[in-house]
Structure formats: structure tokens, C-alpha cells
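Peer 1: Whole structure, please, built from the sequences with the hints as guidance.
Protein chains: 2
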Amino acid sequence: MFSFVVDKFETHASAVLHISDLAVQRGYGIFDFFKIKGRHIFFLADHLDRFFHSAKIMKLAVPYSREQIKGFIFELIEKNALTESGIKMILTGGYSTDGYNPARSNLLMTQHPLTLPSADQIDNGVRIITHPYVKEFPEAKTINYSMGIWLLDNLKAAGAADVLYYEGEIVSEFPRCNVFIVTHDNVILTPARKVLHGVTRKNILKLTGAQYTIKEADITRDEVYQAREVFLTSTTKRILPVVRVDDRIISEGQPGPVTLGLLNELLRLEERDAV
Amino acid sequence: MFSFVVDKFETHASAVLHISDLAVQRGYGIFDFFKIKGRHIFFLADHLDRFFHSAKIMKLAVPYSREQIKGFIFELIEKNALTESGIKMILTGGYSTDGYNPARSNLLMTQHPLTLPSADQIDNGVRIITHPYVKEFPEAKTINYSMGIWLLDNLKAAGAADVLYYEGEIVSEFPRCNVFIVTHDNVILTPARKVLHGVTRKNILKLTGAQYTIKEADITRDEVYQAREVFLTSTTKRILPVVRVDDRIISEGQPGPVTLGLLNELLRLEERDAV
Numbered sequence: 011m012f013s014f015v016v017d018k019f020e021t022h023a024s025a026v027l028h029i030s031d032l033a034v035q036r037g038y039g040i041f042d043f044f045k046i047k048g049r050h051i052f053f054l055a056d057h058l059d060r061f062f063h064s065a066k067i068m069k070l071a072v073p074y075s076r077e078q079i080k081g082f083i084f085e086l087i088e089k090n091a092l093t094e095s096g097i098k099m100i101l102t103g104g105y106s107t108d109g110y111n112p113a114r115s116n117l118l119m120t121q122h123p124l125t126l127p128s129a130d131q132i133d134n135g136v137r138i139i140t141h142p143y144v145k146e147f148p149e150a151k152t153i154n155y156s157m158g159i160w161l162l163d164n165l166k167a168a169g170a171a172d173v174l175y176y177e178g179e180i181v182s183e184f185p186r187c188n189v190f191i192v193t194h195d196n197v198i199l200t201p202a203r204k205v206l207h208g209v210t211r212k213n214i215l216k217l218t219g220a221q222y223t224i225k226e227a228d229i230t231r232d233e234v235y236q237a238r239e240v241f242l243t244s245t246t247k248r249i250l251p252v253v254r255v256d257d258r259i260i261s262e263g264q265p266g267p268v269t270l271g272l273l274n275e276l277l278r279l280e281e282r283d284a285v
Numbered sequence: 011m012f013s014f015v016v017d018k019f020e021t022h023a024s025a026v027l028h029i030s031d032l033a034v035q036r037g038y039g040i041f042d043f044f045k046i047k048g049r050h051i052f053f054l055a056d057h058l059d060r061f062f063h064s065a066k067i068m069k070l071a072v073p074y075s076r077e078q079i080k081g082f083i084f085e086l087i088e089k090n091a092l093t094e095s096g097i098k099m100i101l102t103g104g105y106s107t108d109g110y111n112p113a114r115s116n117l118l119m120t121q122h123p124l125t126l127p128s129a130d131q132i133d134n135g136v137r138i139i140t141h142p143y144v145k146e147f148p149e150a151k152t153i154n155y156s157m158g159i160w161l162l163d164n165l166k167a168a169g170a171a172d173v174l175y176y177e178g179e180i181v182s183e184f185p186r187c188n189v190f191i192v193t194h195d196n197v198i199l200t201p202a203r204k205v206l207h208g209v210t211r212k213n214i215l216k217l218t219g220a221q222y223t224i225k226e227a228d229i230t231r232d233e234v235y236q237a238r239e240v241f242l243t244s245t246t247k248r249i250l251p252v253v254r255v256d257d258r259i260i261s262e263g264q265p266g267p268v269t270l271g272l273l274n275e276l277l278r279l280e281e282r283d284a285v
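Residue numbers (the numbering used here), protein chains in the order written: chain W, 11 to 285; chain D, 11 to 285.
Bear in mind the hints are in silico, worked out from the structure with no lab data behind them.
Each pair may be met inside one copy or between any two copies, as identical chains are not told apart.
Straight-line Cα separation of at most 27 Å, DSS-like style, residue types lysine-lysine; simulated pairs: (1) K166 to K66; (2) K204 to K98; (3) K69 to K98; (4) K18 to K89.
Peer 2: Structure (C-alpha cells):
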């Protein structure tokens, strides 16, 4: 397997960074992640847009043009020749001379076989917990997951698949996923503010235009507890039904029809994108 | 110059980490920093205590005993033979197999010549700005400095040396320093909650027991503006007078007597520690 590390391709085993890099010294960097099937990259334009947007928010200059980055991605895909995979692209604060001030950014790209949600997770839904927190730079996909990783023990103890952040009772997002609820009036809601603009979230907002009523809105934790359906979205997980939030059963403990309907529509959208 | 990287000493130029390390992937790690003069390490016990405390808060197992770590530190000092220096010791989430779950922690140690505050900064004081923020894990010295680094442009624009965080009008700390104020009743105050327990902060709390009245307390931003004196503390900076906070002049724009008195006492404490 090959990776791309600071201007060149390396075997993954040799993919190293000098420890002066600002990701190591100060956790400073952004990233993006996208899916690949054969040679097709799903929603590449959206992911590249967001990658440059995250870099801009965090004041990191990208040391390559968009076309150069696309070139590296395609070269990596050719070299590794995987069937179904994900590529993670990290941009760090670079080799800082004083361990604090950013330097020329370092670009890293790694490709891995993809782990999609299990049939069990889709058929039976997952349980989630909630935790008071909001990301520091929600609209930038930064590498700072201190809270998400710190909470892994809590997930395990609760038998939960993920943790939904809230601040002042307004929910925002999961560490790596967006949240949606379906109200008892069959309106689909997703938090409007202080969230990462997920590519799957964006696709669902497009889908729902036709058949469903969809709104970006502030959602309280209590509205999540009372929702008819709850689901989470991400590039890897697509749409995953949530059947329990903390100690409240949602949707009678079964994936709901709106959630499953949207998942089918999303799968069709992916097929169309891959043509 | 030598560094210590994952179980062994390397020349600093060869000090690399595989990119699967959780610091690179997710900004997950803790660190500590201490001063060395010749072979003397200042307040080593305090720094080791805090290093292990930070690791514990962040649920990172330290893969060596305290005695082993001291051994590495002394070996590094022998190898590099610097006159006046600082050692930074980082503990990361390790080489994660899935880019999210921690593995065996990696220990990194680097030694650098020390940059102490300039005579100008001590004689004339520095200006600071304020910014609404509180660290996610204030009592752990994590590597996450996203906000501090993001604010570097603001410091530059304001001609400020540092930025004081506050949340709901209660001030906490600087990205890398603690804050103290002296009230018009000559009481010395430092924030009690949501701050890193700095070693210099701890030393000052000890000093002031004798001569001054000192309290750990909640301090509002307005109390900082109105203070008779303001100063910041850290291992590198020791005590640095603050003469302007945002657009408010403090202490008639000159370092105050309590600040300078404490700096002299701190220097004597360092001398005693070095014996």
C-alpha cells in the first residue's frame, strides 16, 4: 500500500513525519475523507471544496492547486488498486521551527479498505448517548478529536455506537457524523448551526427537497428524545437509524420508514454519481 | 542534537513518527516542558507529577515508570550537553490501527536552547488581548492548541504578546501561561477553576504565603481591567508584567512593585532549587 507524505509517494510502512510537525506538537491540522469504488471517487468536488474551506478557516495555505491534489489522488488510486476504499487527506501546520508558529503545510494522504456499517446496524439501528460539548471550530474539519476519543470508554460502558454533543440543550453533531430527526409531523430537521457541513448531510438536504419537508433548525435534546425517528449520517456510515438516545427508546426501537426511505434514495444518488 | 522517539534516541534530524500516530490523525496527546541549567532540572518532581496527571486525565497509559523516564531525561541531557535549555516531553495516543482508537502511547522528548523573556518585556511589560474560549480539558496539558495558534494573527494585529481566555466573563488562562492580578487592596488573585495548574503558578502560590495575601478565585474580565497590577506566569516566561489589557492601561503602563517583587522571589526560589 502507498501513501502520500509531504510531496511524495511512500510505501505506507515508510510514511513518517518529522516530530516538529505542528500536528504532533500542537494538534494543528485539518482533513477530509472520501469514498472510492474502483476508480470512481464519490462526490469529489464536494470533498475538495470542504477541504479547501477547512484549510481557509484554520488559516492554512494549501501548498498545491486543486488540480495538483486531484492528480495525487488519482495516482494514489492507481498505485493501490483497491476495490472499495476510503482516502483520508490531512493538511497539517507543517514543520514549525519553534513548535508553535505554522510553517509550509504538510499534505498526507492514506488509502484504506472501507468498513461500511454492518447489516445488523442498519436492520436494528444503534443506540447513542449525549454529552455536553461543542467543537471549537465546528465548520472546519480539524484533526482535534480529543473529546470524541476521550468519550470512547463512555460509549463502551453504555453499549452505544456514538455520542451526540449538545450545548445549552441545543444538539449539534456527533464527533464524526451529523444528526437528523423526523418529527411527529413528518418534518425532517437537522441542526443549523455549529456543525460540520457533511457531504452526506448536504446530499440528504437535496434529496428531501422533492418528497419531504426538511428544515435546518436549532433542535433541543428533548426534541431528539421525543422524535418519531432519529438517524445519523456520514460518508462511511451513510444513514444509520438510531433507536435509542440515552435511556429513551425512539421509533419503538425499530428503524423508521423515513430513515430507510432516505437510505434507499441516498444509495441511488451514489449510483448516479458513479456513472 | 539528540531526541528521544518511541523507545530510542535519534539525532533530531531523524526524529520521525509514523503518520498513523494519533497525534497526527486526531491531535490526541499530552506533554510537559521544563527548564534545565547545565545538569539541573528545575522543579522536575512537579513536572513529572503533572505529566502523569495529564496522561491520567486523558486516559493514556504511560509505557514507562517514573524512574525510567527520569533516566531518559538525564541521558538526553548528557548527550546534548546544552548550557541553558528546555525539554519538551510529548505522550501521544500511539500508532492507532484504525486512526481513532488509542494504542500503546508513544513518548517523544526534544531538547532546545531556551528563549527567556527579553529585558524589554520585563522592564516595560507586555500588552495582551482577551478572547472568549475555555480549554476542553483545562487541567490536562494536552497538545491541542488550535485556538491559540488560530489567534496568532489577532495577536500580531493588536501588537499583543498573548491572549487571555474568558468564558461568561470569567477569565481562565492564556494558551501557555497562567494569569494573576493584584487588586487595589493588594490582594493577589489567580483563577481557581478551569485552568492548568502551572508549576510557576504553584511556586507563586507558595511564595505569597509569607508576605502577601493570595487567593484562588473566580476573576471577571472587568476585574482584570480594573486591577492594580496584572502579570502572567509560565516556566519559560517566569513572571511577565502586563501593562495593557485590550484597550485598558494597567498599572499606569508600567510594571508594578508586587509583580517585580514576586519575580525577584521566584528567581531566588529557582536558585535554591538548583543547589
